[in-house]
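What follows is the residue order along each chain.
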Amino acid sequence: MGFISNDIIIEKYLRKDMLPTIFCTGCGIGSVMNYALRAIHDLNIDMNETVFVSGIGCSSRVPGYIYSDGLHSLHGRAIAYATGVKLANPKLKVIVFTGDGDCGAIGGNHFLHAIRRNVDITVISINNFIYGMTGGQVAPTTPLNSKTTTTPYGNIEYPIDLSMMAKVIGAPYVARWTTAHPVQCISSIKKALQKTGFSFVEVLAPCPTSYGRLNKMGNTLDMTKHFKESTINIKLYEKMLADGKTTDKMVIGELVDIEKEDFNTKYNKFCGELK
Amino acid sequence: MTNDVIRLLGRKDLFIQGDDAAVYGALIADCRFFAGYPITPATEVAEGMALWMPKLGGVYVQMEDEIASIAAVIGASCTGVKSMTATSGPGFSLMQECIGYACMAEIPCVIVNVQRGGPSTGQPTEAAQGDVMQAMWGTHGDHQIIALAPKSVQETLDLTIEAFNLSEDYRVPVILLLDAEIGHMREKVVLPEVVNVKVDERVPATIGPDKYRPYRTGFTRTSKVPEFAPFGSGYRTYVTGLTHDKRGFPVTTSADVHEELVRRLIEKVQDDMDVIWYHEDLFLDDAEIIVISYGTTSRPAVSAVKMARKSGIKVGHIRLITIWPFHYEKMKELLKNAHTIIVPEMNLGQMVHPIRETVGKDIKVISAPKIGGAIHTPYEILKCIEEE
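Protein chains in written order, with full-length UniProt numbering: chain F, 1 to 275; chain B, 1 to 388.
Hints are supplied without guarantee of correctness; some may be wrong.
As the list claims (entries may be wrong) - Listed below are the simulated DMTMM-like cross-link pairs for lysine to aspartate or glutamate, each with C-alpha atoms no more than 25 Å apart in a straight line:
hint, chain 1, residue 1, chain 2, residue 2
1, F, K167, B, E64
2, F, K16, B, D245
3, F, K245, F, E261
4, F, K93, B, D210
5, F, K91, B, E357
6, F, K269, B, D4
7, F, K260, B, E329
8, F, K91, B, D13
9, F, K191, F, E254
10, F, K239, F, E229
11, B, K314, B, D245
12, B, K246, F, D17
13, B, K361, B, E329
14, F, K12, B, E333
15, B, K330, B, E288
To be verified - Rough simulated footprint, nothing fancy, chain B against chain F, three-plus residues with beta-carbon under 8 Å:
hint, stretch
16, 40-52
17, 88-101
18, 182-196
19, 220-234
Hints listed in this document are in silico derivations from the structure and should not be mistaken for laboratory results. Source: prediction; values computed, not measured. Where is the CB? At the ideal position from N, CA and C, for every residue including glycine.
The following block holds chain B by itself, in its conformation from the complex:
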């Protein structure tokens, strides 16, 4: 199928915007269901899917709102079809209850959030990174999602494929955090070679319907991710957002059942942190100052670090690709030799909080916020570095 898509897309080199790249990534990852609702700056994702889904035997449907969109995506995923929706801040807020449902019921799905300025309707056409905390903590209760933040159009395509893989592997919602800048920026994208594309599928039930328990883990493999039986496969599974036992039946007043379930939902992701957590680092060997950034902001951040290096400042850079879960241990290790950390973000300081939590009071952590729509200039970040 992946083969067909790459052939269908034709030219290997494309000049497309980030929203389109999310579409192509989804097609290559075998996504065959998209439900969405128009919203700036994510509408182009829906338009792309409306164009491609019918050609590939998939389904595109425009729902009546964002709640219905994510609900339909979860329903579709229950039948075993890889499913996605795309939105921006206001729609992402509406989706939160269903994202919690997907966490609780362990239904894979991918949510593309092309971030814009908030709160509320805010700045529909301007870029922001204001939904970083919401991506992790927007839905109620303890849970663990995965969130990825690409820095370019090419990486948007690559990480969309990865988002589907992680979602299938861990049966969690995966949130792709773009922003209006990447979503609407056109860049050269090279389609991957078929042989290089890894496309994962959720692990199917390997045991007969009589012995199968939808939420039992570790009986055919060691992972904490249960095996999946799609609707219509004869396994007759019951899926609920209530606290449930291994059979999937509601058990709402047992502290033990609740704790075992919720801890497993978190551990199944966090236990594999070393596999899930992607980052890039630059000049860390002797770095005394470290700039930490993600998404669009990492582009001026890297330029600033390189400029500072030229003038002899011992500065390095870490780019977070996996935003959530946050790898506290690994970050502590990477940051141990620094005396100052600078965190430029297109919000008033969100990722700076887990970073402060990581290093405690031993290392100075400076937030370098910028809101309003414009991205940081390298000089703004360079100035922060030079002041330290």
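So here's chain F without its partners, still in its complex pose:
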């Protein structure tokens, strides 16, 4: 993988008449879109047979900027729409862009069951710990004690860990990185796109405008520093566990990579037996 200039990515993959994006200064969503497109470029995926599906929220605007088929569905429902697309036409590569609220709160049940069903889709969840589109309300991922516009005295609810949830329910590929890990991110998205079955990549992304400002991290640099400090690589984490130690830090890295027959393969098998 050589270095590809942004110009090439823009020229080849973006709908230029949809630009500029709606993203705020310092927002991490554009970076994740960039990582995903670089992964697609490296794998030489045919954009005529790729569908990007999203729900509602800042990160769900991503498919609108990508020059391919796009389905901007309803809040929380991206994975359910994507299931329909993939099962009806298994030839299509289906990639879901979703936020932490879209995926973990209103769409939590669809997330859970698409993993259980092992539908062959790739879900990229951009986790900025807050509802950005509506101006900074508490999300299911908001850390304890964090301030948001609807938790002005601090968040008293325990946050959900999307990647661990995906792992526990049995997704064959799960990885979590932050926007400060571009190389690792691209590499994991590539692996996710090549995995048959439900693959999940969570990317912790800065929202300096809503989350950062309310929590004394008003710029991307502060937020990036925070990500570096509040996360721990799985390899280090496992070493710690072996040494009998533990940590509150969020584990990042490649969390699951196994083989597991997906829905379409199983379905086609028994359809074949019926004939």
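Assemble chain B onto chain F, guided by the hints.
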């Protein structure tokens, strides 16, 4: 394909329930994707599709709830596959947001609603016609869907095929309003002859991807229905529930774009009202009293009208087959000579409202409601007629 299905179904005469008839209608109409969630009294539709879809190269999937079911149906339809779901009141309520999405994004789909007593969990095994207004107005914002109400098991099969055709022709969600009575009743059904079956497909893009605009209309034909390019066809379309321009791109703050779009979504259906609006009438020539009914209720209503005729009462009957859109002009014309209209319904009065709106204060309109699960008896309707 239709040919194969009719051959596969084997015997031409069947003795099946309404839910099964919806399945056979869907198979004949080339439906090849079904997503659903079990709910009384619509579960048999899912069971039928689970049996048949794998045999026909289609997909059956049981989703985690009704919202996911209609969402998957819309996703599947975006790839060009005819898709359907089936539910009852509680599930139909859950589906409303996605039905609005299908209206806005113009994605064809068929929703079978086997109505039961509501509100809430209500009477799961009892018939009702309580979702008539919800079918039209359940989702938010201005829009136009099509809803059909069969009166028998045979008609359920025929109208399921028609529901797919209308959905494809106009790119709107079409709602088939059964009720627990028809859904679970067994009657003789004759499968149509292959030559007599008309199966429509949505109009494909007839122009290259460079010139194609997903929501532009009238450039290759005069209709207000845009041409369709399925996902994976290389047209690279963007589909959104936001207010969008002809390219399909979100434009959310322009009053002009919004008004043009929403008016077109309604007009594309209403302009063709004469084609879409099906009804049946009986003894209207000299009728002074007219009974208007639909679905199951039309069976006792017709019996009552015939009994009243025998005793010399000048009474006629109109059966609405297309429930929505409501053809105000045509109804006004049909009702002009009546002095009284009686509307028996298995709810506390829903279709009676557009009928009152049609005739104004000139004609007396009587609602004859019945709820609780039992259908009207002919004598109950006859009594209403005799009192007028």
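Here's how the hints hold up against the structure:
1. F:K167 with B:E64: holds (19 Å)
2. F:K16 with B:D245: Given that 25 Å is the threshold and the Cα spacing comes to 16 Å, the pair holds.
3. F:K245 with F:E261: Roughly 36 Å between the alpha carbons, so the hint for F:K245 and F:E261 is violated.
4. F:K93 with B:D210: holds (22 Å)
5. F:K91 with B:E357: violated (51 Å)
6. F:K269 with B:D4: holds (22 Å)
7. F:K260 with B:E329: Violated, at about 60 Å.
8. F:K91 with B:D13: Status violated; Cα separation ~39 Å.
9. F:K191 with F:E254: holds (10 Å)
10. F:K239 with F:E229: holds (18 Å)
11. B:K314 with B:D245: violated (54 Å)
12. B:K246 with F:D17: holds (13 Å)
13. B:K361 with B:E329: Since the Cα atoms of B:K361 and B:E329 sit roughly 16 Å apart, the hinted pair holds (cutoff 25 Å).
14. F:K12 with B:E333: violated (59 Å)
15. B:K330 with B:E288: holds (17 Å)
16. 40-52: With 4 residues close enough to chain B, the hint holds.
17. 88-101: Result for this restraint: holds, n = 4.
18. 182-196: Check failed, 0 qualifying residues.
19. 220-234: violated (count 0)
In the structure shown, a violation is registered for the earlier hints numbered 3, 5, 7, 8, 11, 14, 18 and 19, in ascending order.
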